[in-house]
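Chains as they are written, first to last, in the working numbering: chain A, 14 to 401; chain B, 13 to 325; chain C, -12 to 347; chain D, -12 to 347; chain E, 141 to 442.
Some hints here could point you the wrong way.
Which bits of chain D does chain E cover? Going by a derived footprint, with three or more residues having C-beta under 8 Å, they are [as the list claims (entries may be wrong)]:
no., stretch
1, 34 to 42
2, 62 to 69
3, 80 to 90
If you are wondering where the hints come from, they were derived from the structure by calculation, not from laboratory data.
No residue lacks a Cβ here, since even glycine has one placed at the ideal position from N, Cα and C.
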Amino acid sequence: TDLEVTHWWTSGGEAAAVAEFAKAFEATGNKWIDGAIAGGGSTARPVMVSRITGGSPMGATQFNTGRQAEELVEAGLMRDFTDLAEKEHWKDVIRPASLLEGCTVDGKVYCVPVNIHSWQWLWLSNKAFEDAGVPVPTNWDEFVAAGPALEKAGKIPLAIGGQSWQTTGTFNVLIPAIAGKDVFLKVYQDHDAEVAAGPEIAKVFKAADDARRMSAKSNVQDWNQATNLVITGQAGGQIMGDWAQGEFQVAGQVAGEDYTCLPGLGVNELISTGGDSFYFPKLDDPDKTAAQEVLASTMLSPATQVSFNLKKGSVPVRGDVDVSAANDCMKKGLEILAKGDIIPDTNQLNTEDTNNQLNDLFVEFFKTPALTPEEAQKRYAAIIASAD
Amino acid sequence: MADVQTLNTVAVGIDPVADRLSGPQGARPKRVLSRRNIFLYGTLIFVAAYYLVPLYVMIVTSLKGMPEIRLGNIFSPPVEITFEPWVKAWATACTGLNCDGLSRGFWNSVRITVPSVIFSIAVASVNGYALANWRFKGANTFFTILIVGAFIPYQVMIYPIVILLREIGLYGTLWGLVIVHSIFGMPILTLLFRNYFTSVPEELFKAARVDGAGFWAIYFKIMLPMALPIFVVAIILQITGIWNDFLFGVIYTKPDTYPMTVQLNNIVNSVQGVKEYNVNMAATILTGLVPLLVYFVSGKLFVRGIAAGAVKG
Amino acid sequence: MTSVSIRDLSLKFGALEVLKSLSIDIEDGEFLVLLGPSGCGKSTLLNCIAGLLDISGGQIFIKGRNVTWEEPKDRGIGMVFQSYALYPQMTVKGNLSFGLKTARVPRDEIARKVARTAEVLQIEPLLDRKPSQLSGGQRQRVAIGRALVRDVDVFLFDEPLSNLDAKLRAELRVEIKRLHQKLRNTMIYVTHDQIEALTLADRIAVMRSGAIQQLDTPHEIYNRPVNLYVAGFMGSPGMNFISGEIDGGDSPAFRFAGQSIDLSTYPASAPIKSGPGIFGIRPEHIVSGDAASVEPYQATVEIDVVEPMGADTLVWAMLDGSEFRFRVDGQTGMRVGDHVRIGFDPARASVFDTATELRL
Amino acid sequence: MTSVSIRDLSLKFGALEVLKSLSIDIEDGEFLVLLGPSGCGKSTLLNCIAGLLDISGGQIFIKGRNVTWEEPKDRGIGMVFQSYALYPQMTVKGNLSFGLKTARVPRDEIARKVARTAEVLQIEPLLDRKPSQLSGGQRQRVAIGRALVRDVDVFLFDEPLSNLDAKLRAELRVEIKRLHQKLRNTMIYVTHDQIEALTLADRIAVMRSGAIQQLDTPHEIYNRPVNLYVAGFMGSPGMNFISGEIDGGDSPAFRFAGQSIDLSTYPASAPIKSGPGIFGIRPEHIVSGDAASVEPYQATVEIDVVEPMGADTLVWAMLDGSEFRFRVDGQTGMRVGDHVRIGFDPARASVFDTATELRL
Amino acid sequence: MSSSSGTATRRPSQMFRNLNAKIASIPMILTALCVFLGGTVWTIVYSFTNSKLLPRLKFVGLDQYERLWSAPRWLTSIENLFVYGILSLIFSLVIGFLLAAMLDQKIRFEGVFRTIFLYPFALSFVVTGLTWQWILNPDFGVQHLVRSAGWESFTFNPLYDQQIVIYGILIAALWQGTGLIMCLMLAGLRGIDEDIWKAARVDGIPMWKTYLFIVIPMMRPVFITTLVIIASGIVRLYDLVVAQTSGGPGGASEVPAKYVYDYMFLAQNLGQGFAASTMMLLSVAIIVVPWAYLEFGGRKRG
Ligand SMILES: Nc1ncnc2c1ncn2[C@@H]1O[C@H](COP(=O)(O)OP(=O)(O)OP(=O)(O)O)[C@@H](O)[C@H]1O
Ligand SMILES: Nc1ncnc2c1ncn2[C@@H]1O[C@H](COP(=O)(O)OP(=O)(O)OP(=O)(O)O)[C@@H](O)[C@H]1O
Ligand SMILES: [Mg+2]
Ligand SMILES: [Mg+2]
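Please model the entire structure based on the sequences and the hints provided.
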């Protein structure tokens, strides 16, 4: 049966990973109709929502793990996979448990998490530091200290793309690294505006100010163009999620040799557990309904999980798969994950609305030197106060 | 016939004109390099260059290989001409898992554009005709709403139209998209046609009524054959608009009927390491080829049609 | 039997009342000319009769049938427009047969009718041309043909000649006249050219801002205009007017600037009363030179402007403060500044009451 | 001294030769009318004089100065256009003063000139209106004013009256004539209305496809047209033409359809030769009824069409196979089908050679 | 008067007069009422709710508007639209008119020039944005070219400078749009009576003065049509910004239409998006409705 799957995975590593899904699904005798829409969630999501609400839904669709599809589920447009989840014991195999919780509404499972993405990585170009004549830093403070040397060598110390989610991501990574996990949770889970306005976060803004200075010269838009600056040694480093690793891999670089990864910026080694999930709109065609089930099952099968996540650069959602093929960085991540040093992803904690307001703030902050950290913090606290 | 020379058209006797042969005579000498010409053509050529630079850059880039592009100067002509990017853009560039480039979208675009252009123009021309010649009570109010509608950002209307199409059961079909294009083309097209038909002498319309022709007979037999120039304008505007549309194409269709622009968006927006500028440019040109061709072929008719329709008001 | 009857017709464009409770009866086979200045509502009236405008009040009857609310095509009319309104993309044949085709007349009958019409109008060689390939006069004939071919009772012409040059206009005028003599249909003809009106009409309706001033034969209208407006409008060069006093007594007279014109031979329609009045005399009724000596009224004037117009010459002169035109032969030797003797017969004049502007 | 002299002027639009080696001398203060059918090159000639078209050959002199290559504004001309070409968004005053302002004439002088011009043309009350608020006649006066205000030597008029209705036309014609009598500027006036030409002109140049056919006084042109073309073009209703044979002998005569017209009194410009010829006589030179009995040539004809035109009536008749018009009084009692006696004096006729079309 | 007296037929119902015309206008009526009017009302109603991903009727009063007007991004967007709008209007009209005036000088190769000026209009905003993004890229575009030619300190990177980014967008927008404006103007110029030109020449009025004081005022209808086209384009400005800068750098090139889009679809806060679009509609309506009514409603034919 033909099943149309929409997603916004179109970059090199992403496309290769999707191909793994498609291969596995087609091995079951079905056909994967690829509905890739480039341009990220902002381009793709209205298409998906329109089509689901317009009554012409696709077979399955990607959303970020979190609250993005909440209302579609509540409106009864999404298919309930509780039976399958029980049959295949998803509760037991998926870890951390928070992932499946994100898919659960009123005790029923509505989506299939397929990977874990963590944001808390600083990717460093060994070559850039070599050129600048400084050792590769091992934590954020050393990195900041190495900034002037990099600049002198004609490098951009920190690469940040122009897209707004990248700057917000950078800031959100700085919170647990500088102020710790508790502050992070207070701010984003409890939406505690007092903490957001407090001295801990002020320190984070200080760090963000450093980051802003160091990234002033990075004139790129897309995240992977920024990553490419690191890969080619034009930039010292980049704060970006583990998906960046896919780009290093496609470029044939080896972790530890060509590049260095510092989880939690080398300060607080913890990772967030965001990721992508697939949702399955309700369909009338029984054949397709059956195929949806097959697809869900395939996506979670151990073999697919491994092959997919290796390509994607993310961590499998199953704890029971063999990840010996994983590289240096991914292994670091797995270790942290195993230790349980995890925090939820902001997508799970905040609504898209709040995230978007944060985006607006940080994109402005990072490109507007005139906006002082203090002023920005005030606005930040206001957004946290109004979040729900 | 009279021999003109014998007629006394000039005064007899002393020639009143003294410097008969010495002064200026015949055509005023025209200097090719007069100051006016230098200024005029100079400016025009300069401006034309400005308009051509992007096209030049697009073409030049699309003919270069990636290594050459990395060298930097986008204005330098290709050292080694390669058609690889074109082939890739047309046939092998990947969108997600589909690696057949723009070729797939081309026919989808044609399938979308042709009925949309025909339908939207048919509707708008009949509307314009009804507004110009059969004014009935309230018609102008609707028309005013329509004109104001031209100012509404498309994005705002996405959800209402989704709901509308869902309710009439056309969501996700080709006809749904055709209707969407007709709706958004309607304000400007109706304005054009209304203005044009208003400029057709009213007596012609009256004569046809006396001859017993009704609403449709007058439209098809009298008005339509006379409206060629404005139809050309409408067709050009609609082909351009619909062919270049991305938003509606992606929202109101399905992957197997995505128009070319969706593929273009995917090729351009899915960055794989370095941006493959040459492929992007080739894809861009390929996508714009149809409307460009339409313009090159019918530019003259376009101006004439605009003169006939858009300008009176 | 009347062919067209109009009862209390009124029409408003918004607040503007263009036709004001207008009534006319037109006889079968009559040639009625609607004459009036630009904007007086001639075209509007014609459009009402044709059913091309929705009227505001009143009724219209054609051949005794109330057609007030009928469609144009059901009224049995044919119309010829000022700009001809030929369908530009059709051949002459197409133009002629369009109405018949629309009415689903059988093919061979269409062919027969078109052929007959083309013969009447002598446009057979043009049948396959497009309007753009025709001269003005030919177009005009095709436009008439289009009305003719439909075998209608009433023809409506809206200034069919006003786009043509003088020469062609004169020729086609005669053709229309001949056509009417041949066909004897009822014709209603709008013009603001009085020569056309006088030449063609059985009766003329002189209009002024939506109302009919006088409806009568050309001869009556020319010689006995009912009021000052009609008198001034008809005739080119226009009638000469002199303001003065009417003396009503036993030997009625018109007095101005010390002069007196004897009105005892004037064919007054009512006993002449004293009071301010206007004396009107047409330029062609004034004779000059030796011929003047036999006329009842005579005067000497100084010539102001001489306008040779080929066959005739128009002379402008001052008569005791009033400007004054009279017509003399084209071969005249009169010069500006000459003093000449003129004369006329007051019986051919028109006298108006200054207040009511009505003819006495 | 001549005011405007044109020598061997020729002008081509691409391959089309619109003016063919044309020469004219126009006297100072003369009123010259260019008359001819549509498309004969009248406007083109005017535009050449004004410097609005680049000529292909020849020279143009104004006031003895060779202006062939000069800019329009430096030629000392003023021009009035058919469509008036008033600047629509400026008031009348603005229209009059714009050219002066551009030429940096001092303010008070502009005011003076505008006031004087407005007075001459009697448009003082209109000075603050826009052209759209003016009637046709008023617009025309403003257009003349715009030319007048510039104190030019030569006025060029391009059919300034052709957009107006007959009545207004007649009035403005007289105004232009008066203006010329007052100002005595050189005026070159284009028209295709011969009444205008005859009325206004000191001399008329009759043009035909880019060449001048005859340049002479209205009287000469009307009475002694040099060729068939001019004879047919001048006069309305047009001259009657009869084809036949010229008998050149001692008692010259014109023979057609068994009839013979005695030409012994005909003022031929050269000895009359035998051969095919055309006899032309104007409708107004034919008399009918009792008056006919004294004329040298007489005949009886049957009346075909009667066209009352107010002051006169035009009668169409057949004379041995040739159609024939003559003019009678407006009060005539002639009816279609009547047989009447007509007559004329061959001395007032024109006879043409069929081959060369030249007048004998 | 004869047999025709009496029997006054009644005026038929107005409903069925021009029935065919009314039937034929149904698409227009439906579009006007259901889509434009209905959609607008729908949008306004939902702007008072706190709809998130899906439209829901949970009214929250003016909350969305309060938030809208306190959002710095919205204020930037408005400001940008204002600057861009005014400049784009002025430059489009001026450039369009100048080009048209030059093409109207009976020049040679008019067709070639016209086609060159018009062709960008055939391209989509996405293409335009992409190309110009590239040409204006400081690393390999114009700046790079000039610098490598020797002028090292030359700086021209509008898309990466917050202060002038809106001009970078303007350059591309003008490149794309002026061709059509030129066409409209050219058509308008061709409609001016030849005689006006001649009269001005005889009067000795220089060319530029003729254009400025005589011809331009005569082209009112053309300017109105042009104005509608330019203005509606300005209000709807979205694709170009996304393709060129995505609103950057640092949100300096945000525009209202993008705000609407982002809040509706990216932030999944329909209420906020609707509130923003209501504000846009309101401002358009304030300007356009009275004008459109005067232009199309009040006057009769012609
Ligand atoms: N559609 C209309 N709306 C408003 N007023 C109109 C309309 N048509 C005509 N009028 C007005 O009605 C009056 C009569 O117009 P109409 O066309 O009947 O005049 P007319 O006698 O035919 O003049 P002309 O000789 O110039 O053709 C004029 O004042 C005109 O302005
Ligand atoms: N710009 C032009 N290009 C080519 N041919 C032209 C041009 N202007 C005029 N002509 C031609 O030159 C001839 C003379 O034109 P012109 O306007 O002088 O005629 P006219 O005597 O003024 O006629 P009318 O009485 O209709 O105004 C016509 O055959 C016309 O078609
Ligand atoms: Mg009329
Ligand atoms: Mg002319």
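Outcome, coverage of the stretch 62 to 69 of chain D by chain E - at least 3 residues whose beta-carbon is closer than 8 Å to one in that chain: Held - the stretch 62 to 69 of chain D has 5 residues with a Cβ nearer than 8 Å to chain E, which meets the minimum of three.
Given coverage of the stretch 80 to 90 of chain D by chain E, checked by CB-CB distance under 8 Å (3 or more): Holds, because 4 residues of the stretch 80 to 90 of chain D bring their Cβ atoms closer than 8 Å to Cβ atoms of chain E.
Coverage of the stretch 34 to 42 of chain D by chain E, judged on three or more residues with CB within 8 Å: holds (count 4)
The earlier numbered hints are all upheld by this structure, with none contradicted.
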